[in-house]
Amino acid sequence: MRQALDKISTKILRIVPFILSLVTPLLFIPLTADYFAFNKYFFIALLGTISLIAWCIRNITRGKLHFTSSPALLPLIILVVANTVSSLLISPTQHVSLFGQTSLFFFLAIIFITVVSSQKNRFTINSSIYGLIISGSLLSLITLLQYFGLIGKITSAEFITNRFFNPTGGILPAISFTIPLLIATTLFTTGIKNWTIKSALFGSILLMIISTVINISLILPQNGVPVFFILPVRAGWSIAVDTLKIWQTALLGTGPETFFTAFTRLRPVFLNLDKYLWNVRFSESSNYIFTLITTTGLIGALSFLLSFLRPLIVSFKNRRDAEDKNSSNFLIIALASVIISFFVIPAGVVSLVLAFVLLICLTIEQKLQNLKSVKDISISLSTASSASPTYHDLPETAKSTITSSFLPWIVTFIAVALLSSYWFFAGKMYLASIAYKEATNTLQADPYNSYLKFQKAALLDTYNPYYPQKLSQIYLSIADTYLSKEKSTEEEKKAGTDFAQRSLDAGKTSAKLDPLNVTAWENLFSVYTSLIPYAEGSADMAISHGLQAASVDPTNPAIYLQLGTLFYNLGDIDQAIKFIDRANELKQNWDVPYFNLSSIYKAKKEYSKALQYAKAGLQYTDPKGENITTIQEEIKALEKLAPTPTATNSGTIQQ
1 MRQALDKIST KILRIVPFIL SLVTPLLFIP LTADYFAFNK YFFIALLGTI SLIAWCIRNI
61 TRGKLHFTSS PALLPLIILV VANTVSSLLI SPTQHVSLFG QTSLFFFLAI IFITVVSSQK
121 NRFTINSSIY GLIISGSLLS LITLLQYFGL IGKITSAEFI TNRFFNPTGG ILPAISFTIP
181 LLIATTLFTT GIKNWTIKSA LFGSILLMII STVINISLIL PQNGVPVFFI LPVRAGWSIA
241 VDTLKIWQTA LLGTGPETFF TAFTRLRPVF LNLDKYLWNV RFSESSNYIF TLITTTGLIG
301 ALSFLLSFLR PLIVSFKNRR DAEDKNSSNF LIIALASVII SFFVIPAGVV SLVLAFVLLI
361 CLTIEQKLQN LKSVKDISIS LSTASSASPT YHDLPETAKS TITSSFLPWI VTFIAVALLS
421 SYWFFAGKMY LASIAYKEAT NTLQADPYNS YLKFQKAALL DTYNPYYPQK LSQIYLSIAD
481 TYLSKEKSTE EEKKAGTDFA QRSLDAGKTS AKLDPLNVTA WENLFSVYTS LIPYAEGSAD
541 MAISHGLQAA SVDPTNPAIY LQLGTLFYNL GDIDQAIKFI DRANELKQNW DVPYFNLSSI
601 YKAKKEYSKA LQYAKAGLQY TDPKGENITT IQEEIKALEK LAPTPTATNS GTIQQ
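Numbering (full-length UniProt numbering), first residue to last: 1 to 655.
If you're looking for bench data, these hints aren't it; they were derived computationally from the structure. Take these hints with a grain of salt, some might be off.
What the hints assert, rightly or not - Between beta-carbon pairs, the in silico distance windows are:
#, residue 1, residue 2, range
1, Ser484, Val416, 50 to 60 Å
2, Glu585, Ala642, 17 to 27 Å
3, Ile379, Gln473, 47 to 57 Å
4, Val416, Asn569, 56 to 66 Å
5, Gln619, Phe425, 45 to 55 Å
6, Lys153, Asn370, 53 to 63 Å
7, Ser69, Ile410, 18 to 28 Å
8, Ser421, Thr155, 35 to 45 Å
9, Asn569, Val344, 39 to 49 Å
10, Pro268, Asn441, 37 to 47 Å
Stated by the list, open to error - In the DSSO-like style, the derived pairs of lysine-lysine whose C-alpha atoms are separated by at most 30 Å in a straight line are:
#, residue 1, residue 2
11, Lys7, Lys120
12, Lys193, Lys317
13, Lys437, Lys512
14, Lys624, Lys609
Every value quoted in this text rests on a predicted model; they were computed, and no experiment measured them. C-beta: ideal position from N, C-alpha, C; glycine also.
Full structure from sequences and hints, please.
Written as structure tokens, this is what we have:
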């Protein structure tokens with residue numbers, strides 16, 4: 001029995017890298033709110049769970065703990081610890097941070113440790129390499145079929161027929177996955193002597209070249225208008241540097257999965273000058289390294305880089321001693337390309353999977369070379385435990401004692417406890433996402449059942465701030481239906497009041513879950529603004545929450561414009577001018593604040609100022625816009641109302 005369990009667990013760990021490399025880039029499930037990254041995270045967690053259990057069983061059958069010390073081991077452990085500490089001590093959304101990037105790194109590290117500790121064979125390396133090539137080829141084929149509209153003839157699903165559809169989750173993740181494989185596969189093919197395999201690889205290279213060209217063409221501006229937005233490097237660097245000014249965030253960042261809130265708080269003002277980027281809120285930085293510096297600090301970023309750079313340098317130095325130089329060159333070139341991509345673009349989960357699969361293979365390659373930097377370590381509490389070969393099947397005569405198996409059992413119990421805790425919460429998160437997706441699908445056809453599904457999602461995943469925020473908007477819509485009714489009954493008025501209170505409660509829950517998220521405060525600002533005609537004190541609360549939104553997104557001119565508009569509607573002209581003028585200062589090439597100020601000064605009968613702002617706004621108005629004629633007529637009317645300047649003897653102009 002022990003021999004059978006040992007053999008099964010070893011074989012499972014042997015094929016895990018192949019499954020990880022082949023399936024993850026292609027995986028998408030249209031049952032959840034996010035079809036792509038969300039499901040890839042859970043798939044990696046599932047593989048990590050299987051790997052950890054298999055490793056524990058293998059240790060129990062052998063009566064000792066066995067793991068491999070390698071150049072990547074310590075940096076990976078530090079990376080996981082840094083993410084965990086940052087999630088618990090710094091992140092304002094502990095649950096989101098723990099079950100996002102932190103759990104991703106945890107399970108990828110688990111897969112690395114368990115596979116490397118149990119394998120020392122060329123099969124794992126070769127199967128992983130071909131798994132990556134097959135995955136890249138299939139992705140390229142899908143891109144080709146999509147570009148020529150052939151997939152649309154197979155299915156009518158809207159998300160698949162979208163020209164930007166890609167199983168990786170987007171065009172950029174596809175490029176970041178395909179290009180390193182393309183470079184490495186091209187070099188790899190030159191060393192293959194079997195012409196059948198060589199021809200197949202040549203076909204894969206051709207597919208990847210065509211798909212890469214297509215994907216690059218899709219992200220280029222169309223008719224001068226960008227279709228894809230990446231945070232400029234200057235802005236990403238500015239945000240990263242700002243996090244280094246406080247020692248806590250310098251070491252551990254703002255918390256995993258918190259770049260969105262870091263961006264809104266630290267967003268540089270110069271972005272407002274950009275025609276297309278000024279109102280875009282980014283959830284990741286200019287490149288992956290800047291994202292890591294911002295969210296996990298110097299410890300997280302440096303440990304991440306060292307996890308890959310140290311093994312890469314070791315392999316590069318010993319490349320000539322490799323038994324299979326062709327495979328070794330593939331791994332070195334591919335990993336070097338991926339590391340470079342981390343400095344160039346925001347990395348998706350597929351790029352991380354590619355990097356970790358290559359890291360696993362490189363480490364096993366180093367074991368095959370018997371390098372001193374890679375050592376096998378076995379730990380047992382008993383000297384009486386029988387010795388057995390690390391990478392061979394257990395002999396029939398192998399025995400274990402209570403003392404020798406005690407440590408593996410302790411580790412197994414700890415592993416099971418951790419995995420059980422993770423899947424208890426993760427399972428609820430997944431079911432909540434399914435419910436949310438079902439709710440959005442039935443919103444138009446069956447509003448009531450859709451509403452129940454939204455409620456179910458919020459009850460299942462009580463830590464997700466977006467679920468109560470969505471419920472808040474739904475409650476507000478229902479409340480507005482009742483309260484705005486001309487001849488409403490007492491029951492309808494009461495129902496409207498109840499739903500208004502529910503909207504506020506849900507909005508406050510969202511803000512409590514993620515206090516630095518500007519959308520939570522904007523939602524409450526919107527709710528209180530809508531309730532001004534029906535509830536006393538709503539105006540003051542709307543202003544309060546609008547100011548809170550401005551405090552967590554201080555360089556956003558749109559928020560100040562909304563506050564100024566609210567003050568104007570409340571009759572506070574001076575405050576209206578103050579806030580709209582602030583919006584104008586933050587974005588001087590935006591026509592709307594100019595025209596609002598023009599309207600205010602016209603109402604105050606200060607026609608000269610009204611004319612001044614109207615003319616200033618005209619400079620930034622689209623000459624082909626629908627309102628251009630109306631604006632020009634308004635300026636002519638103001639010119640008639642404004643006092644005519646008179647010349648003095650000195651030639652100066654007076655008004």
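Open item on the list: Quick check on a hinted range of 50 to 60 Å for serine 484 and valine 416, using CB atoms only.
Closed with: 56 Å, holds
Task: CB-CB spacing for asparagine 569 and valine 416 relative to the 56 to 66 Å hint - done: 59 Å, holds
- [ ] For the pair supplied as a hint, lysine 7 and lysine 120, confirm whether the alpha-carbon distance does not exceed 30 Å.
- [x] 14 Å, holds
- [ ] Look at the Cβ atoms of serine 69 and isoleucine 410 and judge whether their distance stays inside 18 to 28 Å.
- [x] Holds: the Cβ-Cβ distance is about 21 Å, inside 18 to 28 Å.
TODO: Assess, step by step, whether the Cα of lysine 193 is no farther than 30 Å from the Cα of lysine 317, and give holds or violated.
DONE: 26 Å, holds
TODO: Check the following: the C-beta atoms of serine 421 and threonine 155 are separated by a distance inside 35 to 45 Å.
DONE: With a Cβ separation near 39 Å, serine 421 and threonine 155 satisfy 35 to 45 Å, so the hint holds.
Task: Restraint status (C-alpha distance of lysine 624 to lysine 609 at most 30 Å) - done: Holds. Lysine 624 to lysine 609 sits at ~26 Å (cutoff 30 Å).
Task: 17 to 27 Å as the expected CB spacing between alanine 642 and glutamate 585, which holds or is violated - done: 24 Å, holds
TODO: Could you say whether the range 39 to 49 Å given as a hint is met by the Cβ separation of asparagine 569 and valine 344?
DONE: Since the Cβ atoms of asparagine 569 and valine 344 sit about 47 Å apart, the hinted range of 39 to 49 Å holds.
Open item on the list: Taking 53 to 63 Å as the stated bounds, is the beta-carbon spacing between lysine 153 and asparagine 370 within them?
Closed with: 55 Å, holds
Task: Beta-carbon spacing of proline 268 to asparagine 441 - inside the hinted bounds 37 to 47 Å or not - done: 39 Å, holds
Open item on the list: Hinted pair, alpha-carbon criterion (30 Å max): lysine 437, lysine 512. Please report holds or violated.
Closed with: Holds, at about 24 Å.
Hint check: no violations occur; every hint is consistent with the structure.
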